[in-house]
Amino acid sequence: MSALFEYIIRLGDDSLILGHRMSEWCGHGPILEEDIAMTNIALDLVGQATSLLNYAGDVEGNGRDGDKLAFLRYDREYKNTLLVEQPNGDFGTTIMRQFLFDAYRKPLFEKLQNSADKQLSAIAEKSLKETKYHLKHSAEWVIRLGDGTEESHQRIQESLNTLWRYSSELFYTDEVDAELLSQGIITDIAEVRAEWEVTVKNVFEEATLHIPTNNWKQEGGRKGMHSENMGFILAELQYMQRAYPNMEW
Amino acid sequence: MVTEKEIWAYLEEVSDPEIPVLTVVDLGVVRAVEITETRCHVTITPTYSGCPAMKMIEEQIIEKLTEKGIENVNVSLVLSPAWTTDWLTESGKNKLREYGIAPPEHEVDKSVLFSEPTVVPCPQCKSRNTKMISQFGSTACKAHYQCNECLEPFDYFKCLK
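The listed protein sequences correspond, in order, to chains A and B. Taking my numbering, the leading residue of the first sequence gets 1, the next gets one more, and so forth. Taking my numbering, the leading residue of the second sequence gets 1, the next gets one more, and so forth.
One should not assume that every hint holds.
Unchecked claim - Capping the alpha-carbon separation at 30 Å, the derived lysine-lysine pairs in DSS-like fashion look like this: (1) A:K111 to B:K161; (2) A:K217 to A:K201; (3) B:K93 to A:K129; (4) B:K55 to A:K136; (5) A:K136 to B:K68; (6) A:K129 to B:K126; (7) A:K223 to A:K201; (8) B:K131 to B:K93; (9) B:K126 to A:K118; (10) A:K136 to B:K93; (11) B:K95 to B:K126; (12) B:K131 to A:K136; (13) B:K131 to B:K95.
Simulated from the structure, these hints should not be mistaken for laboratory data. For clarity, every value in this text was computed on a predicted model and none was experimentally measured.
Please put together the full structure from these sequences, using the hints given.
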């Protein structure tokens, strides 16, 4: 398996699984505008996943396309971070999960625009424009809820306390990254992390939220070791293709 | 033999499935038309990654050109350079306004965070006293606004650069 394939799968699975999570809000948003906003974001993420997984299939060269990769792999073959598979919880938890992710995705796509790999750079260029809107949306809500009422503050602080342990995995690197770094396909993740830290710090300050001091971290998704949530997600995501193999919509 | 110019004219007859007042040419999603001895190749780009209209646009282009007697039409999708609202034609912007959708204002929020929403004039009464209701509207490419003067809600085709 090539490093490039593995790397694109990681990016693609983050988009796919978070897109699926966001789509679960369809018809359940706290207000109509947010229902529409979250499903729009879901659509962008699933669109990005389509571009990424189709490309992963091309790189692999075994005739698997984006659909096959999305619907016909087993849980251990998915390489998304644990953060994106966490349950939606209340609206604040969904927003916090999205914010931690968007704040990482924006600088990541900015750097990937200059990738030596043309198709990866094209996908990054396209996705970046959407991600900026996502970040604006999630950051504004973090501020509104954090600096809102006593209850909204308390609840989103609790969401942050719960999700913080999953944030470091966004910057996970291993031999896959080392190889692509040497080929100029990706840049040092430390640069992305530095920008993420500034964004997170500024927004939390404005939102009167405190970054948890407990630094216990949970990782595993990038290696295919998922939380108990993943099986439930895949059961829903893959149901149709598993029940009716090769069916087309 | 058919010319590229004729193909572009035919494409002016293909409308966007979600905003039928615009043609795919107005919208700027058609990036190139290339004719060789044996085939006609049209290159399109999506407005947003997940735009569900792309497949339909592709099919409609093939259908339209086939109807005009052109054989071996194929359509391919490119992501770069990424679509920008700058590619909306002037006539496209006017059509949007007449249709009740505010066209994109020249400036995109550069700072991303902590910036004020863009001032968007009401497509109905032209007042600039409007407010943003939501960054995300009825489709990925639109935001939701309301006019404070005539109270009409309206869609804003948001700026993407």
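Contradicted hints - numbers only: Checked against the structure, the hints that fail are numbers 5 and 9, while the rest are satisfied.
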